[in-house]
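> These are the residues of each chain, in order.
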Amino acid sequence: MATSLILMQPAWGFGMNSKIFKGCWILCLLLLINACSDEENETNLVNLHTTASQDIISISFPADTETVLSISSQYTFALQGLQSNNTDTVDIVNDVQWSLSEGALSRIAQNGLFTASATAELVTLTANFGIYTESIDIKVSDAEFDQVMQLNDGVINIDMCQSQTFKPVGRYVDENNNDEIRPVDSNIIDTIEWIVRDQATGNLSQRAYIETLDKQATLRSLAEADLIIQAKAFSQFAGVEVTSIDFSQQVSANINSLKLCNSTDTDLASCNVSNTKVEQDKVISLISVANYQAQDGSNFNENISANSKWGIDNSANATIAFSTSRQQLDITGKIEETSAVVSVACGDIEQVIDSIDITLGVSLDSEVSCGTGATCLSASATIGIDQLGVSSLKVTANDTDLTSTETLTLSTRPDEITLITTAVFSNNTQLTITDDSELVYSITSGNNTVIEEVSGEAGVYTVLGAGIAEVKLDYRGETFFAVIRVP
Amino acid sequence: MKKNLFFFYAFFLTLLCSFNVSAGSYIGLSPSLLKIDTPSASTRPVLADFRLGYAISNHQLEIAFLSGIRDDTLNQLTVEAPSVKSVFYRYLPSAKNNVKMHLILGASQVDIEASYPGVTDSSDSFESVSFGIGFEESFQSIPQLKMKFDWIRLYHGDQLNINATSLGLRYEF
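Residue numbers (our numbering), protein chains in the order written: chain A, 1229 to 1715; chain B, 35 to 207.
Incorrect hints may have been included.
[What the hints assert, rightly or not] Not the full set, but computed from the structure, chain B residues with beta-carbon under 7 Å of chain A:
1. Leu108
2. Met135
3. Leu194
Hints are computed from structural coordinates only; laboratory data are not their basis.
Just so it is clear, the structure is predicted and the values come from calculations on it, not from any experiment.
Note that CB positions come from ideal geometry on N, CA and C, so glycine has one too.
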């Protein structure tokens, strides 16, 4: 067919060769039209690259993967991979394809988020990663929640000023009155009211609290403690609110040291705060870093800002406030040319915090200090509050805007030239500073020939004659040259 | 697709043997870096690129044989391209400067072999329309000898693309 196409083409002017090439061109187009890529063949090579890109030689579900889930609950499945060194196991986040067995009423999103159906069912969950496939059977159960039976499925090890997430274990009862003991599901966990008491006094504790955020329970400690924890929640099975048994929990004191660092520091081992300054109305952020001894005897550093107790000795000079995440303390300079001491402590401090809602963090308008003999560590830093920085100066001469070093040519000779100066500060505010004692005027050209200063009137000059007058204005390190040509 | 390629080869060889009017054949030789591109990662085996072609005015028709000379690895994955067979039509838009640009259109068959621990070694063949762009400049002392650079997408797929980049020489007889 192609040969006949070539023969049918008219000549181009080069004779037979042109015909040939035109035929070739048509052939190429025919190929282009007819061709299709081997997309069905791609899968193997693409999967091999996907697998190799993360150096994975096998995949599996983590050991703590939940296989029984409550109806209408949500759970995020994860996949892990064994790397080619046969030792390291890594979480596989990207390039995982999740699917459920055919006919499943439950749903799985491609980020692993499983939404259980509203009725009980058995489904098979399959994860595909590159060349590997792994499946797990999931029971969507309609058993009803009764109460929390364990604080966690293992021991919670926590030191003072640390946070530790945990998975409470609950009792569920099915329609045949059979118990299911399993982690409390996402529907229930947010409804649990946690009661944390000091074991010694039985009073509500100011040493630790439990926070539930994003369907995740976290125990946060502020001091060494022996705690009693209870979980109060509505029992779907009994139809009443049920308070769990007492769970004992210890907060140990394996903390070695405490120090302050800048929030921008990434090396927590070597960071430190010294000669720290903040401009008026500007913010500087600090973190408290604790060095702990791990159970294996090694030491490690951790940002414990959220669970530390903070204070400032002079809240008029500077104020302190937690950042939204409470991962750092923001210090705002208030009065320039002053200073304030920011202090931080982990453990039992001398100051009374009974009336403070510790779930919002502890920050006092006074210095914090450790009591004598108390299990407590503290650190402090003096913060200098600098003058507000000046980003630029704006100057007008007889109401005409000037540009520094650019000559303004006047059309008529005035009797006087009046300079009005405005400072633009680093916080984007502006202030007229013509009479400010820090603004220094000096005539650098045309002094006593073109202009002369009017005594006692800042920025006002008497015009003496024709020529170029240049006035230098200095304010907090910012310089402006006003250049005026007088006719 | 294979039928098309075979037909193209046969047609080209007929051309080389049959016509010799104000035209010339040429050969090209260069190392070629193949980039096997997937959404997750890429590998880059190296091949020796041999081309035989026929040129008239602003048109060139050539066949290319590429043979693998070095495989590439991505962690434990070893990828080799033992051979690539292509037919290209090259069009040279008129240009007054010394460096001439080529527009390239053709078809290719790319053979890829891959091995990974715990998995049977695989061998796949990918065929598709190819397209690309080339540049070349003649040596002043030997005008028949030209230095050339080609970038060609040999295979354009859904999730997989295979590109060849080569820098070498072309000699016109």
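> Could you run down the list of hints and mark each one as holding or not?
A quick look at each hint next to the structure:
The restraint placing leucine 108 (chain B) at the interface with chain A holds, with a minimum CB-CB distance near 4 Å, inside the 7 Å limit. Of the supplied interface hints, the one on methionine 135 (chain B) is violated, with its beta-carbon coming no nearer than about 18 Å to a beta-carbon of chain A, more than 7 Å. About 4 Å separates the beta-carbon of leucine 194 (chain B) from the nearest beta-carbon of chain A, less than 7 Å, and the hint is met.
Consistency with the previously given hints fails for number 2 only.
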